[in-house]
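Note that full-length UniProt numbering has the sequence shown beginning at 1, numbered continuously upward.
Careful: at least some of the hints might be erroneous.
[Said to hold, decoys possible] With a cut-off of at most 20 Å between alpha-carbon atoms, the simulated DMTMM-like pairs for lysine to aspartate or glutamate come out as follows:
hint, residue 1, residue 2
1, LYS227, ASP137
2, LYS227, ASP85
3, LYS227, GLU280
4, LYS227, GLU269
5, LYS227, GLU134
6, LYS227, ASP259
7, LYS227, ASP205
[What the hints assert, rightly or not] FRET-style restraints, in silico, Cβ to Cβ:
hint, residue 1, residue 2, range
8, SER206, GLU78, 13 to 23 Å
9, GLY95, THR201, 45 to 55 Å
10, PRO247, PRO131, 20 to 30 Å
11, GLY197, VAL279, 30 to 40 Å
12, VAL279, ALA258, 35 to 45 Å
13, GLY210, GLU277, 39 to 49 Å
14, THR201, ALA94, 44 to 54 Å
15, ARG240, ARG265, 34 to 44 Å
16, ALA211, ASP137, 34 to 44 Å
17, THR253, ARG281, 15 to 25 Å
Calculated from the structure, these hints are not laboratory results. Note that the Cβ used here is the ideal one computed from N, Cα and C, for glycine as well.
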Amino acid sequence: MRPCGSVCQHRHFRHAACGTQPLPWRTTAPEPGAPPHEHLSARRKIHSVSPEYEERTSRLPGAIGWVQGAPGCTGGGETTTVLPDGCIDLLWTAGRLLVSGPDTSAYSTHRGFWVGVRFSPGIAPALLGIPAHELRDQRVDLADLWPGAGTRRLTERVDGGGRTRPPPSRIWHCGVAADAEPVDPLLRAVVVSLEAGRSVTATADSVGLGARQLHRRSLAAFGYGPKTLARVLRMQRALRLARAGVPFAETATLAGFADQAHLARDVREMAGSSLSELVER
């Protein structure tokens, strides 16, 4: 068995509330407005973030495939902090298919061996056939969302007859609902607008929705209202800037906070740690 290593510092994990197994996390969310990625195939691009974590780009817009750890890796009891980023993950581990919903606050979890597909905000609910607010702050077995023998057959297809490391593309194809609706481009426009730092009111106007309509659509697509999504995206902007070495006062301004004190309060509330502690991890 290959040693698991010290991957906990990379924060690639999510916790499985539905069982005893932990769920892994992702390093970064797909950038809003980014061009479509390459197809998850035998010729896929592979980005090695660490010896135990790989990201694999996809032709599907807003999706990233990834592999964490090695077969038999249990995590060794090490923990890591998971931060909210608005994404939803479809995951495979030890013969199980799971869905990890959008989070509103950080928590600690353990690491292990996982293969998954990460969807940027607004993508997964249409493909899974499940409103995002039903998955908020939850990690559930796919069988609980799609009960019956069909899910067992899907899990067997992903396993590939004993395959120890199924490709993310297999998980993606098996995890899409047969009656999946196309992803609404309006939702992508909402994410791009909020990611750019525009207000909720300006965002609603730009996509031609009233405030109540936008809130209702956001609950189903993102798991929470546009104000919460804006806060999550703003915190992620601040983290990217701070980790790139931008001074905290300048980070606050560039990320869209009123001042550095506002930045500190928001990060502490959502991440449970100070910005300096997050940067040092």
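ARG240 versus ARG265 beta-carbon gap, inside 34 to 44 Å or not | For ARG265 against ARG240, whose Cβ atoms are near 19 Å apart, the range 34 to 44 Å is violated.
Are the Cα positions of LYS227 and ASP205 separated by 20 Å at most?
-> holds, 15 Å
Measure nothing beyond the straight line between the CA atoms of LYS227 and GLU134; if it is 20 Å or shorter, mark the hint as holding.
-> Holds, at about 18 Å.
Is 35 to 45 Å right for how far apart the beta carbons of VAL279 and ALA258 are?
-> violated, 21 Å
Falls inside 44 to 54 Å, the C-beta gap from THR201 to ALA94?
-> Holds - the Cβ-Cβ distance for THR201 and ALA94, about 46 Å, lies within 44 to 54 Å.
Can the restraint linking LYS227 and GLU269 be considered satisfied, given a maximum Cα separation of 20 Å?
-> holds, 15 Å
Within 20 Å, alpha carbon to alpha carbon, are LYS227 and GLU280?
-> violated, 28 Å
Regarding PRO247 and PRO131, is the given constraint of 20 to 30 Å on their beta-carbon distance met?
-> Once the Cβ atoms are compared, 40 Å apart, the range 20 to 30 Å for PRO131 and PRO247 is violated.
Range agreement (Cβ of VAL279 with Cβ of GLY197, hint 30 to 40 Å) | Since GLY197 and VAL279 have Cβ atoms about 21 Å apart, the given range 30 to 40 Å is violated.
Agreement of LYS227 and ASP85 with the hint, judged by alpha carbon distance not exceeding 20 Å | At roughly 14 Å apart (the allowed maximum being 20 Å), ASP85 and LYS227 satisfy the hint.
Starting from the range 13 to 23 Å, see whether the pair SER206 and GLU78 falls in it by beta-carbon distance.
-> violated, 44 Å
When you check the alpha-carbon spacing of LYS227 and ASP137, does it fall within 20 Å?
-> holds, 17 Å
Consistency note: the structure conflicts with the earlier hints numbered 3, 8, 10, 11, 12, 15, 16.
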